[in-house]
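21 is the number of the first residue of the sequence shown in this note's numbering; add one for each residue after it.
Hint data in this document are derived by calculation from the structure and do not stem from the laboratory.
Any given hint could be a false lead.
Stated by the list, open to error - The calculated label-pair distances, taken between Cβ atoms and stated as ranges, are:
id	residue 1	residue 2	range
1	LYS171	THR297	46 to 54 Å
2	PRO293	SER178	30 to 38 Å
3	SER279	ASN242	17 to 25 Å
4	GLU103	ARG290	44 to 52 Å
To be verified - No farther apart than 27 Å at their CA atoms in a straight line, the calculated lysine-lysine pairs in the DSSO-like style are these:
id	residue 1	residue 2
5	LYS196	LYS225
6	LYS104	LYS171
7	LYS274	LYS315
8	LYS147	LYS171
Note that beta-carbon positions come from the ideal geometry of N, C-alpha and C, so glycine has one too.
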Amino acid sequence: MSEKYLVSIEHERLSFFTPVGEVKALNDVSLYVKEGEVLGIVGESGSGKSVTSYSLMGLTAYPGRIIGGDLYFNGHHINEMSEKQMRKIRGNEIAIIFQDPMTSLNPVYTIGNQIREVIMLHTGKNKNEANERAAELLRLVGINEPEKRLKQYPHELSGGMRQRVMIAIALACEPKLLIADEPTTALDVTIQAQILELMTELKKKLGMAIIMITHDLGIVANMCDNIAVMYAGRIVESGSTDEIFYQPSHEYTKGLLQSIPHLNVKEHERLVPIEGTPVDMLNPPAGCPFAPRCKACMKICLREMPPMTVLSDTHYTKCWLMQKKESEGADA
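The task is simple: from the sequences and hints, build the whole structure.
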C-alpha cells in the first residue's frame, strides 16, 4: 500500500501520557496522499488534525508518543528514523506552514536571515547564493521589493506578508510535500483568498503534494482533491471533494456543511450549530465519539464503534446509520 503513495499513514495510534492519565489523541488513523495531490483534513479544534501532521514530520511534542501503526513518506519509514535522519528530510523533502506566522518567525532576526538559514542548511549554498535564492522565493510568493523585505524584521510586515514569508521558507528546498496547518486562520477574508490562490498556483508550478489542515470546509472546497473529516482522533469520513460536499454520509460531516453560510439564498437563513461539546479524550466513549451530539443517535451508537462502510472506491464513512441503510438495502 505504501509504495503507491507519497504519504501513507496506516492505523496510527498516538497518546499523550500526562500526570492525570493517557490522552488518546489519535485512534486508528489512516491517510493516503499521492504525488501532486491535495488532501484536506477538516474538523473542529482538538480533533487531531495538527497532531497527525506533526507526527509525520517527527515533531510529536513530549509527553506524546506513537504507540501503534506505521507512517511512511516518500519511501521513508518514519517510525524507525532517528532525529538525525529526520533532519535530513524535514525542510528538504517535507515542509510545514504553521498556523500563526508572528509566533513562528523569530522577532530578533531579519526576514533574509531566516530564509537564508534554511537554504544554507539544506542546499550547501554560500551566503550570496542563498541571498539571491531568498529574493527569488519572495518574488515567487508575490512580495514586492524583495531586496528591501529581506532586511526587514517580522513586525515591520503585515499579517498577509508574514504568511507569504512562511510559505517562502517552506518552499526554499522545493519539498515533495507541503503541510499547511490552518495557514489562513489569523488573516482577513481578502488575504485568505490570496493565500489560497497562491498555494494553488505554486502547487501547479512545482508539482508538490499538499496537506491542508483547517476547521472550515469552505476553504478546501475549490482547492482539495480529497477530504478527510476528523472527529475525536478518528477519521469519521473520507472521500473526494465532490463526494463529501454532495453526498455527505456521516452526521458530523453534515453538521459541518450546515454551519457554512450560503450567499445564494433568497431569504435570511439561520446557521445550524452542532450542539454539545467535544468528548473528553482522557475517557473516550465506548461507542461512536459523536453519538452524544448526534440527533440521529441510536442505542448501538453509544455501545459500539461503527465499522467502516465503503460507499465507493474513494468514499467511506464510519457511521451506524449507513450500516443500517446498507443492511436494509441488502434485505430489499
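How the hints compare with the structure:
no.	hint	in the structure
1	LYS171 with THR297: 46 to 54 Å	holds, 48 Å
2	PRO293 with SER178: 30 to 38 Å	holds, 32 Å
3	SER279 with ASN242: 17 to 25 Å	holds, 18 Å
4	GLU103 with ARG290: 44 to 52 Å	holds, 51 Å
5	LYS196 with LYS225	holds, 12 Å
6	LYS104 with LYS171	violated, 32 Å
7	LYS274 with LYS315	holds, 11 Å
8	LYS147 with LYS171	holds, 14 Å
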